[in-house]
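Need the complex rebuilt from these two chains, each delivered in its own frame; the hints are there to steer you.
Heads up: the sequence lines are chains E and F, in that order. Per our numbering, residue 735 is the first one in the first sequence, and the count goes up by one each step. Per our numbering, residue 6 is the first one in the second sequence, and the count goes up by one each step.
It cannot be assumed that every hint is accurate.
[To be verified] Straight-line distance between alpha carbons at most 20 angstroms, and here's what the computed SDA-like set of lysine to any residue pairs gives:
1) E/K940 x F/G129
2) F/K122 x E/Y968
3) E/K1054 x F/L133
4) E/K1054 x F/R102
5) F/K63 x F/G16
6) F/K54 x E/D789
7) E/K785 x E/K849
8) F/K122 x E/D962
9) F/K122 x E/R871
10) E/K849 x E/F827
11) E/K1054 x E/R915
12) E/K1054 x F/K122
13) E/K849 x E/R871
14) E/K1054 x E/R1037
15) E/K1003 x E/R882
16) F/K63 x F/L133
17) E/K940 x F/R94
18) E/K940 x F/L133
19) F/K63 x F/L47
20) E/K940 x F/S126
21) E/K1054 x F/G16
22) E/K1003 x E/R871
23) E/K940 x F/S13
24) E/K1054 x E/R965
Quick caveat, the hints were computed from the structure, so don't treat them as lab data.
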Amino acid sequence: MKRLGIPELVCPAGGLPALKAAVDNGADAVYFGCRNDTNARNFAGLNFTPKTMADGVEYARARGRRVLMAVNTFPRPGREELWRDAVDAAADFAVDAVLLADIGLLDYASRRHPKLALHLSVQGSATNYEAINLMHREFGIRRVVLPRVLTLDQVAHIVRNTPVEVEVFGFGSLCVMNEGRCWLSSYATGESPNTLGACSPARFVKWENSSGQTSTRLNGILIDRWTDDERAGYPTLCKGRFEVEGETYYAFEEPTSLNVLEILADIAKIGVSAVKVEGRQRSPAYVAQVTRVMRAALDALERGADAYRVDPAWTAELAKVSEGSHATLGAYDRPWR
Amino acid sequence: MRGTDFFSIPGFSLPDFVPALASRLPQWPYAVALTAAMNAALRIGVVPKEDIEALEGKTFLIDILDAGARVCFTFGNGIFHPSFASPERADLVFRARLSAFLQLAARQEDPDTLFFKRELSIEGDTELGLIVKNTLDAIEWPDLTALAARPILKFHGFNLETAVDH
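Chain F extracted, bound-state conformation (with noise of 0.2 angstroms):
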């Protein structure tokens, strides 16, 4: 059964000498652009002013784990903020694989299924990691989530029209 109307991502794994590769490259160009997509969404109003208070003054760590990527970033003042150096301790930690990371963006999977099946773990504050996780579920995205993810998987050389679940 296809997670969606139109195509399915599936659970992929980037080839071993991609973290090795670019974890040597800097990181921070990676939290520039997530920082700048998310201050975005604030912008036009997707989130309610509230829900995003309980993030003020943490710092988050997105670790890709296939791709070598650690994207680090801070919630300061209403806006985020790409952090430029790993930090020795986040309050936030999410790891996965660059294909969970998308299906979750798609909202073609669940994080709870993810988490069950061990491709999504969360360490450091668990109830923020809530708070993030319902509060993204909770954005009444316009109809634009499926079509941002083509183009990466475009690049990986995934046939879209013929993927299937794993």
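Next up, chain E with everything else stripped away, as it sits in the complex (with noise of 0.2 angstroms):
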């Protein structure tokens, strides 16, 4: 379904009917992954079944869409089968790539399953061509979801650079964006997003209500504390707002998300192969509603890039479901190197 110049959208799946919803709202291709710990989503009554899964497969593939399968977690010492088990599955459901962000297994995938299209997850960390190209050459990644540190220019020069298809992200929460290296989450709770799939799991999470303002814990820390008018953010120690030197501010960086709609042409101008939505955690609601604005805003660019424009609709209803009081372009529109 992708058109030529004009980058595939592809949109998170959490479950069956926020898979249905991507597909419905023209999503070119949905991301999914397995109910168990081989995926950076791996939240409690989240992702999918061997059943669902099958069904959400089928579903898509009905109408013409690819279906990628997230296992970018890193394999716990002792326990790599589940690992294995879950690329075996992505080449049994002959799923169109399956995305992977460790070595050995993109090892494993590429000897046990040489047909199997492997892309590397934003997991996988590589922000520079010849990391990608190594990926290329020994392993025969055939895309890249590039990790959201760098400018445009940058990835431009990625694009020039490497056989290797390249996917961005187009709109979703930010965070630290140390991917595959952060250990905030590790600090707080002994769980990590590399190992376990879940940044600040919701078991450590607790919200406070008082006359007035909600505080947030994460395993005992508190992260922040909103009075009534403020917007909420997720309990990530990267986005709470600490005491610093007697001031209390956000230390590392306030709630925020990344909407690239501006941007967009300059993203399909430069050969960009992919356009990803962020959020397998969040509901049929917000796929369908986020779905909906991307493919309006790709199809407009389809139509021309001279005229292309960002409909104030379109931007309205993407700020609605943010999380943060603002909107970012990210590190692609960054003045200082």
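And the structure:
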């Protein structure tokens, strides 16, 4: 379904209704994971069982869309079998590609399932073309999902210097973007997205409401305190307000969302192959809303880059579902290096 | 942009006198109605059995702020039971206005969106809350949820065809 020169729209699915919402609202491809530690959105009650995965693959395929399976956490010593099983399942379902981060798993997948297309997950944290080309040479990766730390010029530089397709993030919550290498959640809870697939697991999170304010604690650590008129964010350390040298502020970063609509024409122009929407942890309603807007934007782009304008209704719809009080272009538009 | 193809549930608040008045009414009829509906959903098999095991023995409270309604129920032996008295402490408490609950029920809004906007609060066992949220999200409802919300909105005098998002 991908149009020539128009990036593929890759949308998240935390469950079957979300997958259908993505497909019905114009996603070219959907990505999802197994219900276990092998994917980076391993939250209670989320993700796919073999049954729902079979139904989801069938639903997307019947409508000409591609299905991508994320196996993008790092196998834990002694439990490698679980991750290999997930890769085998991806091959059994004949998904269009599997998203991997771990080098050992890339090696396993490329040897065991030579016909299975491999994408390097954002969790693989490859930020330069030498790293990407090495993965291409060794494991034959077809696509890389770039971490959200690069400027648009840097993305263009990578595109020019690799035969591997480049996928970038187009919309969704931002974090500190130290993907695959972030230990903040482990510092607070002993569990991290890299190994167990969940940042700030829910069982460590407590919201306490008292008159006029809500406090968020992660494993007892006070992360933030909101008054009733402030927007809330996810309970992660990187989005907390802390006292540093007598001042209390967002010491890492403010809760915010990425929105690339403004530079979508530039992203297409430099040869990016796919634009990804973050949010497998979100509901079918979010997937439908964001997919619809991104589809409308890409369709407008297809009608002509010169006439492309961001419709204020798109911005409003995306702002509504955003984490934090504003959306940004993230690292794509950064005057400093 | 519309939340659904047919109509959109607007954000609204019931008049201030409603909670004052309604909170004096017995609360158990709400719980009876809701648990009956949820048990019906379990019987038609829309929720996988393994997904609801985590709810065993838990107490839930749904506090509809602008309606003065507090719906309390427990889950045990595979079915939901209404609670006839508000417990000292529920395992999980959802608080929101009626419009937010209707938007969630119709899958018009995402719970995280409402949470970010401070229109939905979750207290108690956060992981249990996530299980409930994700289990509800994973249900393949027959396309009746939107229709179910219509009589309630009509009752409150909303013109469904012209309602717009806030």
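Enumerated hints in conflict with the structure, sorted upward: 3, 5, 7, 9, 11, 14, 22 and 23
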